[in-house]
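There are 2 protein chains.
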Amino acid sequence: MTEAAEAALPDSPIAVLSGPTFAREVAQGLPTAVTLACADTALAQKLVELIGIPLFRPYLSDDPVGAEIGGAVKNVLAIACGIVTGKKMGDNTRAALITRGLAEMARLGVAKGAKPETLMGLSGLGDLTLTCNGPQSRNMSLGIELGEGRALKEVLAERKSIAEGVFSAATVVALAAKLGVEMPICAAVDQVINHGADIEETIAGLLNRPFRAEAPTAN
Amino acid sequence: MTEAAEAALPDSPIAVLSGPTFAREVAQGLPTAVTLACADTALAQKLVELIGIPLFRPYLSDDPVGAEIGGAVKNVLAIACGIVTGKKMGDNTRAALITRGLAEMARLGVAKGAKPETLMGLSGLGDLTLTCNGPQSRNMSLGIELGEGRALKEVLAERKSIAEGVFSAATVVALAAKLGVEMPICAAVDQVINHGADIEETIAGLLNRPFRAEAPTAN
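If you read the protein sequences in the order shown, they are chains A and B. For the record, in the first sequence the residue sitting at position 1 is 306 according to the numbering used here, with numbers rising by one throughout. For the record, in the second sequence the residue sitting at position 161 is 466 according to the numbering used here, with numbers rising by one throughout.
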C-alpha cells in the first residue's frame with residue numbers, strides 16, 4: 306500500500322496506522338493500542354499527539370513497510386488458524402501456527418526491508434494474535450467453515466463481507482517466491498484456496514517437514 | 306530453573322523443553338510444537354531425534370535461558386489478560402496486552418542473557434498466546450475471576466490447582482528491578498495480587514502512561 310500511495314501522491318509523506326483493532330470495539334471506546342509508522346519521525350510524533358488518547362494509544366515506529374506487511378500476511382495465517390479450529394485440532398496447534406506464522410511474516414518483512422521488531426509489535430504479532438483467536442475475524446471464520454468440510458465456493462457465495470486472505474494468499478506467495486523467502490504455512494493456504502489441494506494431505510505435509518532450528522530470521 | 310538444575314547436577318548438560326502445550330491435548334495426540342533448547346547443539350539434535358514425531362515437533366534452540374523466561378513470565382501476563390477479559394474490555398485490549406507483554410518478556414530475557422528471537426518463538430510468544438487466549442489456563446481463569454470483582458483470597462481458597470503467576474509476579478518484578486528492566490504490566494499484576502492495589506486505578510495508570518516508541522528492545 307505504501308508503494309501505491311507514494312506513486313499516487315509523490316510529494317506527500319506517508320504514514321501507516323495498523324494494529325489489533327476490531328472496529329466495533331474501537332467505536333465502543335474499549336482500550337486499543339496501534340502502531341503508527343512514518344519514516345519522518347517528527348511528523349510521526351505530531352500525528353501521535355493529534356490522535357492519541359488514553360483509550361487509543363499509538364506507539365511510534367519509523368518502519369512503515371514493517372507495519373503494513375503484518376496486516377496483509379495475518380489474513381492468510383488467520384485462514385490457516387480457522388481451518389485447524391474447524392477441524393478441532395486444539396489450542397496447541399493454533400498457538401504453534403501463530404508462532405511459526407509470525408516467523409514467516411518476519412522473514413518476508415525483513416526481505417522487503419522491514420525491521421524484524423516491527424513484526425513483533427502491535428501491527429504484526431498484535432494483529433495476528435487478535436485475528437487468529439477471534440471468530441469475529443472474517444478470515445478466521447472462513448477458515449473454520451473450510452475446516453468443517455464446506456466448499457470454498459459455497460462459503461464465499463453466502464458472504465457479503467470480504468475475507469482479504471483469499472486474495473492475499475496468492476500475492477504473498479508470489480512475493481515470497483520473488484524474494485526467495487520460505488513461507489510453508491502461507492503456501493499451504495494458497496494451495497488449499499487457489500489450487501484445490503486436499504486439506505488433510507496439506508496438513509500432513511506441514512507436520513512431516515524436517516525438524517529445524519527455531520530462530521525466525523536465521524533460516 | 307536452569308540455574309537450580311546446574312547447581313544440583315553440576316556435571317550434567319541441561320536442556321529445556323517448553324512451549325504451547327496444554328497437557329490434555331498432547332495426551333490426545335493433537336499436533337503440538339515446542340522449543341528444545343540446549344547449549345550443546347549436538348546433544349540438542351540428538352534429543353530432537355529421540356523425542357520428535359510429526360504430532361510433537363521440537364524446534365531446536367541453543368538458548369535455554371530464553372526458553373525458560375517465557376514460561377515464567379507468561380503466567381503473570383495471563384493473569385493480566387484474565388483481568389481485562391473478566392472486565393469485558395474486549396479483544397483489542399487483550400491483543401495489546403499480549404504484544405506489550407511480549408516486549409516486557411523480551412527485555413527481561415535479554416537482560417538475563419537470552420536471545421530476543423527465543424522470546425518470539427514457541428516457548429515465548431507461542432506459550433503466551435496459548436495461555437492468554439485459553440480459559441483452560443489456570444492463570445487466565447484466576448484473572449477472569451478477579452476481573453469479575455471477586456477477592457483473590459476467596460478465589461484461591463476454592464482452588465485445588467496452583468496458578469503459578471500468583472507466585473511468579475513478585476519474583477519477576479524483583480528480578481526486573483535488580484536488572485533495571487521496565488515491566489509495567491507485570492508490575493501492575495504484582496500490585497493487584499500482592500499489594501492490594503485497586504484494579505480500576507491500576508488499569509487507568511497503565512493507559513495514562515506517556516506515548517512511546519514501540520521497538521521491544523529499544524527502551
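There may be inaccurate statements among the hints.
Identical chains blur together in the list; that is why a pair holds if it fits in one copy or across any two.
[What the hints assert, rightly or not] Computed list of lysine to any residue pairs in SDA-like fashion (alpha-carbon distance at most 25 Å, straight line): (1) K393 to V331; (2) K351 to R514; (3) K465 to K483; (4) K392 to R329; (5) K392 to I358; (6) K420 to L365; (7) K458 to S446.
Treat the hints as calculated values from the structure; they're not laboratory data.
Right, here's what the structure says about each hint:
1. K393 to V331: Between copies only: 14 Å across, 30 Å inside.
2. K351 to R514: between (47 Å within a copy, 17 Å between copies)
3. K465 to K483: neither (33 Å within a copy, 55 Å between copies)
4. K392 to R329: between (28 Å within a copy, 17 Å between copies)
5. K392 to I358: Only across copies: K392 and I358 sit 20 Å apart there, 41 Å inside one copy, limit 25 Å.
6. K420 to L365: Answer is both: 14 Å inside a copy and 24 Å across each meet the 25 Å cutoff.
7. K458 to S446: Answer is within; shortest intra-copy Cα gap is 15 Å, inter-copy 39 Å.
Hint 3 alone, counting from the list given before, is not met by this structure.
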